[in-house]
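Using the sequences plus the hints, can you model the full thing?
Number of protein chains: 2
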Amino acid sequence: MSRARARLADRFRRIFAIEAAAGILQWDQAVWMPRGGAELRGRELATLARIAHDLLADPVVGEWLAEAEADGDADPWVRADLREMRRRHLRARAVDPALVERLQEATTRAELVWREARARSDFALFAPRLAEVVDLVRERARQLGTALGLAPYDALLDGYQPGLGDAEVTRLFAPLARHLPHLVEDALARRREPLRPAREFPPEAQRRLARELVARLGFDFDHGRLDESTHPFCGGAPPDVRMTARYDPRDPLSGIMAVIHETGHALYSQGLPRDRLGLPVGEDRGIAVHESQSLLMEMKLARSRPFLHWLAGRLEAHFGPEPAFAPDNLVRLVQRVERGCIRVDADELTYPLHVILRWRLERALLAGELAVSELPAAWREGMAELLGVVPPDDRRGVLQDIHWSLGAFGYFPCYTVGALLAARLFAAMRRDLADLDEDLAEGRFERILAWLRRRVHARAARDTWTELVREATGGPLDVDAFFHQLHERYGVHRVDAAEGRP
Amino acid sequence: MSRARARLADRFRRIFAIEAAAGILQWDQAVWMPRGGAELRGRELATLARIAHDLLADPVVGEWLAEAEADGDADPWVRADLREMRRRHLRARAVDPALVERLQEATTRAELVWREARARSDFALFAPRLAEVVDLVRERARQLGTALGLAPYDALLDGYQPGLGDAEVTRLFAPLARHLPHLVEDALARRREPLRPAREFPPEAQRRLARELVARLGFDFDHGRLDESTHPFCGGAPPDVRMTARYDPRDPLSGIMAVIHETGHALYSQGLPRDRLGLPVGEDRGIAVHESQSLLMEMKLARSRPFLHWLAGRLEAHFGPEPAFAPDNLVRLVQRVERGCIRVDADELTYPLHVILRWRLERALLAGELAVSELPAAWREGMAELLGVVPPDDRRGVLQDIHWSLGAFGYFPCYTVGALLAARLFAAMRRDLADLDEDLAEGRFERILAWLRRRVHARAARDTWTELVREATGGPLDVDAFFHQLHERYGVHRVDAAEGRP
Chain A
5 MSRARARLAD
15 RFRRIFAIEA
25 AAGILQWDQA
35 VWMPRGGAEL
45 RGRELATLAR
55 IAHDLLADPV
65 VGEWLAEAEA
75 DGDADPWVRA
85 DLREMRRRHL
95 RARAVDPALV
105 ERLQEATTRA
115 ELVWREARAR
125 SDFALFAPRL
135 AEVVDLVRER
145 ARQLGTALGL
155 APYDALLDGY
165 QPGLGDAEVT
175 RLFAPLARHL
185 PHLVEDALAR
195 RREPLRPARE
205 FPPEAQRRLA
215 RELVARLGFD
225 FDHGRLDEST
235 HPFCGGAPPD
245 VRMTARYDPR
255 DPLSGIMAVI
265 HETGHALYSQ
275 GLPRDRLGLP
285 VGEDRGIAVH
295 ESQSLLMEMK
305 LARSRPFLHW
315 LAGRLEAHFG
325 PEPAFAPDNL
335 VRLVQRVERG
345 CIRVDADELT
355 YPLHVILRWR
365 LERALLAGEL
375 AVSELPAAWR
385 EGMAELLGVV
395 PPDDRRGVLQ
405 DIHWSLGAFG
415 YFPCYTVGAL
425 LAARLFAAMR
435 RDLADLDEDL
445 AEGRFERILA
455 WLRRRVHARA
465 ARDTWTELVR
475 EATGGPLDVD
485 AFFHQLHERY
495 GVHRVDAAEG
505 RP
Chain B
5 MSRARARLAD
15 RFRRIFAIEA
25 AAGILQWDQA
35 VWMPRGGAEL
45 RGRELATLAR
55 IAHDLLADPV
65 VGEWLAEAEA
75 DGDADPWVRA
85 DLREMRRRHL
95 RARAVDPALV
105 ERLQEATTRA
115 ELVWREARAR
125 SDFALFAPRL
135 AEVVDLVRER
145 ARQLGTALGL
155 APYDALLDGY
165 QPGLGDAEVT
175 RLFAPLARHL
185 PHLVEDALAR
195 RREPLRPARE
205 FPPEAQRRLA
215 RELVARLGFD
225 FDHGRLDEST
235 HPFCGGAPPD
245 VRMTARYDPR
255 DPLSGIMAVI
265 HETGHALYSQ
275 GLPRDRLGLP
285 VGEDRGIAVH
295 ESQSLLMEMK
305 LARSRPFLHW
315 LAGRLEAHFG
325 PEPAFAPDNL
335 VRLVQRVERG
345 CIRVDADELT
355 YPLHVILRWR
365 LERALLAGEL
375 AVSELPAAWR
385 EGMAELLGVV
395 PPDDRRGVLQ
405 DIHWSLGAFG
415 YFPCYTVGAL
425 LAARLFAAMR
435 RDLADLDEDL
445 AEGRFERILA
455 WLRRRVHARA
465 ARDTWTELVR
475 EATGGPLDVD
485 AFFHQLHERY
495 GVHRVDAAEG
505 RP
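Chains as they are written, first to last, in this note's numbering: chain A, 5 to 506; chain B, 5 to 506.
Quick caveat, the hints were computed from the structure, so don't treat them as lab data.
Just to be clear, a hint being listed does not mean it is correct.
Unchecked claim - A few chain B residues that face chain A, going by a derived Cβ cut-off under 7 Å, partial list only:
#1 18
#2 24
#3 25
#4 28
#5 29
#6 38
#7 41
#8 44
#9 47
#10 51
#11 227
#12 244
To be verified - Interface residues of chain A toward chain B, partial, derived using beta-carbon atoms under 8 Å:
#13 21
#14 32
#15 38
#16 39
#17 44
#18 227
Just so you know, even glycine gets a beta-carbon here, dropped at the ideal spot from N, CA and C.
Written as structure tokens, this is what we have:
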């Protein structure tokens with residue numbers, strides 16, 4: 005290894021160690037931290053973020069990179085590592101430090117105000133803070149775009165899913181926006197009302213079931229933990245993966261599906277190649293890919309009929325007999341489609357419509373085509389058009405998500421791009437693994453995990469987004485598999501192929 | 005505030021934030037971390053330690069200090085803050101970075117080997133690793149001493165209890181070594197064998213009792229947690245204090261006393277002045293002072309007759325009737341004196357003798373008067389002389405403590421200096437608080453905590469060691485109060501005053 009590459013590896017491993025430390029601190033903040041620790045914790049995380057940023061933006065990193073790139077190493081892992089290092093270094097240097105600081109202050113304020121505004125359903129309270137954030141994010145996107153040679157919104161997308169551009173998002177979202185509203189109508193017309201459980205399910209029993217399921221899916225408890233927090237998440241310092249669940253005594257199914265979702269994330273993190281740990285090429289390939297792993301696990305596998313038939317037995321073993329959890333009723337409960345106002349409660353048919361609304365609005369905000377003051381009306385209009393419902397208040401409308409208050413513009417599309425990738429991966433997995441349904445009907449995930457390890461996890465960030473999609477699924481991303489699987493599961497009408505194809 | 009002082013405050017607050025982050029990571033490591041997380045965690049902590057060190061050793065800190073010192077601010081807090089900053093900066097710059105690195109590697113190796121050697125009771129396995137550490141620590145002490153104008157061993161003591169020198173330790177330990185062996189004999193002759201509990205006590209009930217006691221002592225659960233780990237400790241990122249307990253079903257009393265001991269540490273940490281948080285002057289005054297707080301709480305207050313009579317009622321409330329926990333028997337159980345081989349199990353009479361042995365041996369090792377190979381024999385000899393017992397093997401002898409493997413020479417004396425300070429503080433508290441025994445007999449700690457806050461906690465590191473002892477207790481440290489309290493509690497003979505006085 006050349007001197008420059010050795011120095012780069014050392015530098016990036018240090019940055020990784022700092023980010024890993026921050027990951028554990030964030031986990032602790034959500035799971036254990038007493039409220040009196042909040043202020044100091046904020047200072048700890050800000051200090052670590054600044055140190056990591058300075059190590060990354062350091063001009064000497066650019067010099068080492070130039071030297072290492074000139075070596076022209078042919079190993080694809082090395083080339084990819086240098087590509088990722090270059091990308092991060094460019095992004096870290098692209099934005100004026102004064103702007104970074106102003107944005108940090110503005111988002112800290114905005115998040116606080118957002119919490120209060122949401123509680124009081126008072127958009128006017130939030131509007132000036134959001135306007136501040138939008139202005140600063142617009143400037144940040146401009147500076148990033150200039151440095152990376154990307155359009156401003158593409159530069160934001162690149163921060164979450166490197167390689168994903170708005171042209172691709174637009175191509176994929178157009179057929180979804182066109183067809184999904186009809187498919188939702190179709191599904192609702194076919195829906196058979198499930199029997200709902202009428203009793204409570206002790207958290208202790210839910211906890212035991214969750215641990216059993218998570219272990220079955222392949223989670224390695226020697227490299228991670230399952231704890232509890234208000235909002236389930238998967239974080240920590242991979243491969244030491246810390247995921248959390250939430251056990252609502254009245255709704256065990258949502259808790260179980262959430263924990264399976266997080267396990268999809270966790271398995272990806274635990275499956276990254278250990279020998280690349282700490283190098284940029286050894287990290288995950290981006291938010292949309294991460295989301296494809298959680299959605300494949302939850303939406304495609306765990307909400308499938310064969311798995312639910314198996315799960316019914318485990319529910320009975322842990323909770324005793326419950327008519328609502330009889331296999332066929334369980335399928336109706338878990339596969340039910342509903343027009344709701346809340347994104348995080350949405351099913352796989354309606355979820356993309358929530359995302360498309362936010363994607364349209366955030367692009368319009370950044371382009372200056374929509375004023376922050378016009379947002380609530382635009383939100384209600386969009387909900388009526390896409391989902392056929394209008395939120396009764398802003399708390400359940402435009403104020404429901406934290407993302408914009410944090411300055412996370414360009415994040416929302418990753419959820420639905422991830423869902424489309426999950427559908428493609430599921431189709432490819434079915435082709436490769438004969439009798440996949442039998443595995444699911446027996447609660448066996450060994451072949452599934454091995455397939456994911458090979459096709460996605462072990463590749464880490466070696467491939468670009470486009471390469472990874474093609475290598476893992478056999479072609480470029482489109483909406484066909486997604487529509488096809490909706491047809492299969494919900495009996496909704498077929499959507500012509502060739503839409504959303506590149 | 006001058007520009008230099010503002011920059012110093014900013015720099016030291018950053019260092020504090022990094023150290024606070026490390027505190028939480030170390031807590032997580034002991035309490036929650038899966039074993040697969042160990043390697044990455046080691047890298048995280050090493051990275052943070054190096055960053056904090058570099059920020060502290062940075063030459064610009066010396067320039068700011070010179071500028072700020074020249075301002076000649078009269079505020080005692082400011083002067084003390086600059087004094088502590090100067091001390092830390094000097095220590096960080098004193099040691100050759102290559103030596104720091106070699107010592108880091110040597111102690112990492114030595115600790116690993118020590119664990120195995122202890123498990124196998126095989127000193128020969130550990131000896132070469134320990135010899136390496138001793139050589140490097142000797143050189144480190146020399147470099148530190150040169151920079152600080154201190155004798156080498158004093159420079160090591162200064163790293164744990166700033167301001168404590170070996171002359172003072174020698175003055176204090178001489179009468180202890182002379183009289184304690186006879187007092188132990190005396191106490192054993194007077195001992196009445198207690199009835200021992202013959203059943204098990206569910207950890208769940210112990211946990212509830214521990215939380216109740218900790219809250220009564222004044223622990224603020226909004227700024228801390230009580231969890232569990234193999235070895236109880238108090239850490240975290242004060243004022244977010246994370247302490248741990250261990251609940252042995254067969255020995256609830258040792259767990260309770262340990263948790264009270266840790267609460268003494270925790271109350272000190274939580275009582276440090278919040279408006280100085282992150283500045284060196286706002287931190288604790290050193291290990292011996294910290295130990296005085298835990299030992300005062302455990303040895304002087306919780307093991308006192310009036311408190312134990314109150315505790316008997318709480319034990320019955322949580323565990324049901326138990327003859328061994330009848331008040332007078334409980335006192336005999338908790339105040340029993342025993343000649344043992346293990347330091348951490350020792351009572352307040354024998355503990356200092358364990359410390360004196362280690363202090364003699366570590367000074368001799370560093371001075372080159374004792375070879376590592378001679379250590380086991382010297383240990384046995386010293387145990388026979390001081391404690392009248394000889395450990396049956398090295399596991400229960402020279403291999404029992406982790407300290408030397410970590411390079412922590414100069415630490416042991418702090419335990420016993422802390423015990424002497426606890427005795428002085430207890431005497432002063434009794435003078436100040438009329439009817440203190442009544443508070444203890446009712447399990448009330450409000451006045452006690454307020455007294456400690458005023459005399460010790462709120463002073464943080466404003467006073468030097470010598471000033472703090474004088475201000476808090478009315479005079480220089482001596483052994484009189486310690487001996488007097490042993491006489492009172494155990495009925496052992498009086499030791500003439502005026503010994504160990506400066």
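Comparing the hints with the structure gives:
no.: 1; hint: 18; verdict: 5 Å, holds
no.: 2; hint: 24; verdict: 5 Å, holds
no.: 3; hint: 25; verdict: 4 Å, holds
no.: 4; hint: 28; verdict: 6 Å, holds
no.: 5; hint: 29; verdict: 6 Å, holds
no.: 6; hint: 38; verdict: 5 Å, holds
no.: 7; hint: 41; verdict: 3 Å, holds
no.: 8; hint: 44; verdict: 6 Å, holds
no.: 9; hint: 47; verdict: 5 Å, holds
no.: 10; hint: 51; verdict: 4 Å, holds
no.: 11; hint: 227; verdict: 4 Å, holds
no.: 12; hint: 244; verdict: 3 Å, holds
no.: 13; hint: 21; verdict: 4 Å, holds
no.: 14; hint: 32; verdict: 6 Å, holds
no.: 15; hint: 38; verdict: 5 Å, holds
no.: 16; hint: 39; verdict: 6 Å, holds
no.: 17; hint: 44; verdict: 6 Å, holds
no.: 18; hint: 227; verdict: 4 Å, holds
When held up to the earlier numbered hints, the structure conflicts with none and fits them all.
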